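Trainee: Here are the chains, one letter per residue:
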Amino acid sequence: MKNLKIKLGAFVISMALTLTASANSNSIKIAHSEYAFSYDPVYCNWSDIGRICAIAYDALLKFEPTNKVLVPHLAKSYKKLDGGSKYRFILNKNVTFHDGNKLKAQDVKYSFERIMAIKDGVANLIQDVRSINVIDDHTFDILLKRPTAAFLYSLPQIMIINSKTAKKYEVDGDWAKKYLDDHDLGSGPYKLSLHLAEQRAEFKKYDDYWKGWRTDNINGVTFLWIKDSATQRLMLEKGDLDIMMEPVLSELKDLKKNSNLQIHSTSSAVVFTIDFRVIRKPLDNINIRKALAHAIDYEYHLNVALEGFGKRAKGPLSSQLMFFNDNLPLVDFDMKKAKQYLKEAGYPNGGFTLKVAYESGQAEKQRALEMIQQNWGLLGIKVEPVGTDWMGQDEMQKNKDSDIDVYLGYIWPAAAETDIALRTFYHSDYKGVFGDNAPFWSSDKVDQLFDSGIIEQNINKRSEIYKNLQHEIVKGFSSAFVSETPFVIVTNKRVFGYEYNPAHHQAIDVYNMTLSN
Amino acid sequence: MNFIIYILKKLTYLTTVLIGIIILMFIIVQSIPGDPARSAAGPAASKERIIEIRENLGLDLPVYIQVYRYFGRVINLDLGKSIRTKKDVWDELVLYLPASIELVVSAMFINIFFGVLIGVYSAVKPRQIIDKLSNLITILGMGLPIFWVGIISQLLFYNIWDIFPYGGRLPAGVNPPQYQTGSYIIDSLLMWDLALLSISLHHLILPAFIMSLPELAVTARIMRNSILNVLNKDYIITAKAKGLNQSRILFVHAMKNAMMVPISLFGMQTGWILGGTLLVESVFSWGGLGSLAYNAIYKRDFPIIMGVTLVISLCFVLTNFSVEIIHKYIDKRLT
Amino acid sequence: MKKFRILPLLLISSVFIFFICSLNIDSNSVNKLDSKNRFNSPNLENYFGTDAAGRDVFNRIIAGTKTTIKIAFSVILIALFFGLIVGTISGYFSGIIDNILMWITDVFLSFPSLILALAINAAMGPGIDSAIFAVGIAMWPSYAKLLRTSIKSLKNEEYILSSKAMGASNLRVIFKHILPNSISPIIVQCSLDMGYAILAVSGLSFLGIGAQPPTSEWGFLVAEGQATILSSWWWSAFPGIAICYVVISFNLFGENIRDILLGGNNV
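Residue numbers (our numbering), protein chains in the order written: chain A, 1 to 517; chain B, 1 to 335; chain C, 1 to 267.
Simulated from the structure, these hints should not be mistaken for laboratory data.
Just so we're clear, the structure is a prediction, and the values are computed from it rather than from any experiment.
Please note: incorrect hints may appear among the correct ones.
Covered by chain C, per the in silico footprint, the following chain B stretches (three or more residues, Cβ under 8 Å) [claimed, not checked]:
| id | stretch |
| --- | --- |
| 1 | 20–27 |
| 2 | 88–94 |
| 3 | 254–263 |
| 4 | 312–324 |
Quick list of simulated restraints, FRET-style, between CB atoms [what the hints assert, rightly or not]:
| id | chain 1 | residue 1 | chain 2 | residue 2 | range |
| --- | --- | --- | --- | --- | --- |
| 5 | C | Y245 | A | E299 | 57 to 67 Å |
| 6 | C | I100 | B | F109 | 20 to 30 Å |
| 7 | A | D207 | C | D129 | 43 to 53 Å |
| 8 | A | K311 | B | L136 | 35 to 45 Å |
| 9 | C | D129 | B | I19 | 41 to 51 Å |
| 10 | C | P185 | B | F3 | 24 to 34 Å |
| 11 | C | D129 | A | N303 | 43 to 53 Å |
| 12 | B | F109 | C | I6 | 29 to 39 Å |
| 13 | A | E299 | C | N24 | 43 to 53 Å |
The beta-carbon is built from N, C-alpha and C at its ideal position, and this holds for glycine as well.
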């Protein structure tokens, strides 16, 4: 029975060790269920990688969540020139990367050119950039193809990497992509200290961070990949975890009772939609789409899927973003209207099947799926679900020939700016491979509005254009707009200073937070 | 000499079976929906690039040439690139393999050790409390869905009783030992880091036990029946009638004979346990091939799924082969 | 001649009764969303509680019985289909055909069945039908081998040889004499495999590639309830118990059949 003795000993020792481990940490532990397979900041717009990039990298500008304005960050100052076709930046002089190299304008040029060459991730955000002109070590110009009014709002997502070191690790001209899969080349407050594939990533304080440190800063960050949300909850309750990123909303009423925990919830910039692929029959008929939209029980979704958090969305833009149009017509849940539209379309008893793609692990989408299965079923329409993860769904929707009819999707703004938020979802340029236009829908009027809005410098005129744009989109019934997704995290009571930032959806700004003990 | 010939014959057959496995994998890969050239090229590729890749992959060539090329790639350990991470499938497999091997070996160990123990004890004292109890447990063990047992045991052992961790190979904040084999148990032993060893063992126990459960039940039952069968044979009864000493020697002899039955089963059991890695690793966040495959399923990452299938089957074939050799060897020694 | 034992008979009959009940259940009413009765813990009205959409878990489990039984039978049928064909040909004709067929059988046997089922299911796309097909394909080799062994041992029996001497064709010999006498081990294997088939398919459903909503397949239910297991344990717990119950029933019944037909070695 030597086996048993060893096992007992193991148990005792490890209990002792875990007790000591949790007692002395000015380090914050964050759990998420979607693992970041790379640390490459080109994928900064993917929330799990973006979360990590936000603490290891810096961008030229930062989006300040309280006042909702852009503030200088790596760039000390900037000037708009040539009517908005050129921006001149002056960099802070005291910025160093994690390995000691100083930040120079060449780094910015390299970072931008890299993204343009890789053509993935945040590439859409800088597609209007023509070139970067380096004037001296700390001054450079960004030249745009056209006077894009929203350009500055893309910048918080463009991370600047250490080009000198990156060039050393380039393999076959890959712009250091392979190296960045498990290393960091940033200048941010925390640097990568341990990478355990599929398990966790640990970051330690970078002592020479250019913005300096306070006495109450957090010293380290550990990102844990825990797929099962029940496990995350257990660990949070036991104190093995400080922040749980994606709580199951129905568990919140139990968690509220726990005085050691705090629930932070805000309405977010993300809108949940049910997209109809208009290139499929019979969804090409707008009456069918209207019927389906009226057969959605919006109240049920808000109460059941969202447990009362979140609000009804009437259009593609969330009320959190600028130029939000409050006067859009409401599509109500009315089965009689739905049947009427079906009749007008020539399918009085339904009789067709719709393949619906959705993220199977997600509670909100699961409940939505069940609801449309029941309601559309009552119209005589069979719903065939195809469960996958968001990447799988992404692949399917970019493929024009895929046989999916309906997507349960999110309009996920790449930046906290209206044009950027909507463009890749509704402009005709973005059907299929290069964008997020899942419905494959477009209209000339919408394109025209986008094209005039993007270069319009006057803010009142822009407001008009974008409000009109939302109206035109809603008229097209390419999607049913269901809800503004709430963003909820649960933290241990000792975590202070968290604030939701719509420009970095799902990121945790550890540098500006503290732990009390 | 005969034995060596036996081994060689088996090895040759083994090779043909491996060839068959690769052909079968090729057939399965062909039925994957979608355009492999498109997936390999990535979402941002142009039409020209996709055509180029199609030519590279030889997708327009006749089938038998494609099989041949597939063969060549597999032999060269080129199993494609993961759709999700764009990394080489082989690299990912090598990264996650040791964790699974650690789990499977531990599970087999628990299976053999406790299975034989319980089986022998039940056989020696049939129809008493222990026998009836173990009979009940073995019936349950064969019927329990291991993914469900995993979840429930997490609930009990982590949430309610707090004896075992939720899963993972190490707790957060503890660094793994220096990489030598990839198995935390072996590596921490090699470094003589006993604290790390004990922590790793603590994390290993529950998943390994859960994984061994169905086979433990079978082993115990078969061991019990096997021993009782041998004990009932005439020569044993006669020997018992002749006196205690002889019966003890013959009991040991009976054991050796009885063991032959479960040994021949161990190979197949490894296979079933290997199948179980998929379910147990996902529940316990174990970080082995099962976890890898679980994510790949969810993300439709076919190169990874096929790679995991190949590697696990390879392990299974090798284990079976070894067990058969050992079985034959022991058999020869006994007769 | 050993006889049927009480417990397995009772268990399998209860399963049969649940199966009959589930055939008569209206799946629309079982799946009806009820936002007022969500997450009820087990009580007199909802024996096993309700889930996140207000559906009664007990009803869903009963409704899932027919799915489960259908799955088990379908898997066995597919396995039998391929297994019998390969086993018969291989057993009756020795030489090259036998060797090739055995080689194919061994290739399939080299894959742990869940892994092979996973690969096939992933390639064919998610869904209960591809899961059934995948598990069936993974299970046919054992039937082929069983039949082949039976046939090979019977082939040279007196009555077969005399039958052939009298001019009976191969096919006639196979169907009239060999198959009927080889049936026993096949039947035993089938009863024992029913349980495994259910476990395998519910495992695939748990992973998300088997049954799809709104099915009440038990493995799928366990997966559904996993995220909320801490607040609503009944959603995952009871379907798992149901799986266990049915699998054990088939296992015990199968062992009983084995004792009767093969004079088993259960002491």
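Trainee: When you take the CB atoms of D207 of chain A and D129 of chain C, is the distance between them in 43 to 53 Å?
Mentor: At roughly 60 Å between Cβ atoms, D129 of chain C and D207 of chain A fall outside 43 to 53 Å, so the hint is violated.
Trainee: Given as covered by chain C, does the stretch 312–324 of chain B meet the bar of three residues or more with CB within less than 8 Å?
Mentor: Coverage by chain C holds here, the residue count being 5 at a Cβ distance below 8 Å.
Trainee: May I ask you to test the hint 20 to 30 Å on the CB atoms belonging to I100 of chain C and F109 of chain B?
Mentor: For I100 of chain C and F109 of chain B the Cβ distance comes to about 38 Å; the hint is violated.
Trainee: May I ask you to test the hint 43 to 53 Å on the CB atoms belonging to E299 of chain A and N24 of chain C?
Mentor: violated, 33 Å
Trainee: Counting residues of the stretch 254–263 of chain B whose CB is closer than 8 Å to a CB in chain C, do you get three or more?
Mentor: n = 0 at 8 Å, threshold three: violated.
Trainee: Please test the hint of 29 to 39 Å on the beta carbon pair from F109 of chain B and I6 of chain C.
Mentor: At 38 Å between Cβs, range holds.
Trainee: State, for the Cβ atoms of K311 of chain A and L136 of chain B, whether the hinted interval 35 to 45 Å holds or is violated.
Mentor: violated, 55 Å
Trainee: Quick check on a hinted range of 43 to 53 Å for D129 of chain C and N303 of chain A, using CB atoms only.
Mentor: About 35 Å separates the Cβ atoms of D129 of chain C and N303 of chain A, which means 43 to 53 Å is violated.
Trainee: Are at least 3 residues of the stretch 88–94 of chain B within less than 8 Å of chain C when you compare beta carbons?
Mentor: With 0 residues close enough to chain C, the hint is violated.
Trainee: Check, residue by residue, whether the stretch 20–27 of chain B contains three or more positions whose beta-carbon lies closer than 8 Å to a beta-carbon of chain C, and give the verdict.
Mentor: holds (count 5)
Trainee: Starting from the range 24 to 34 Å, see whether the pair P185 of chain C and F3 of chain B falls in it by beta-carbon distance.
Mentor: holds, 31 Å
Trainee: With respect to the beta-carbon atoms only, verify the hint that D129 of chain C and I19 of chain B lie 41 to 51 Å apart.
Mentor: Distance hint for D129 of chain C, I19 of chain B is violated at roughly 31 Å.
Against the hints set out earlier in the document, violations occur for numbers 2, 3, 5, 6, 7, 8, 9, 11, 13.
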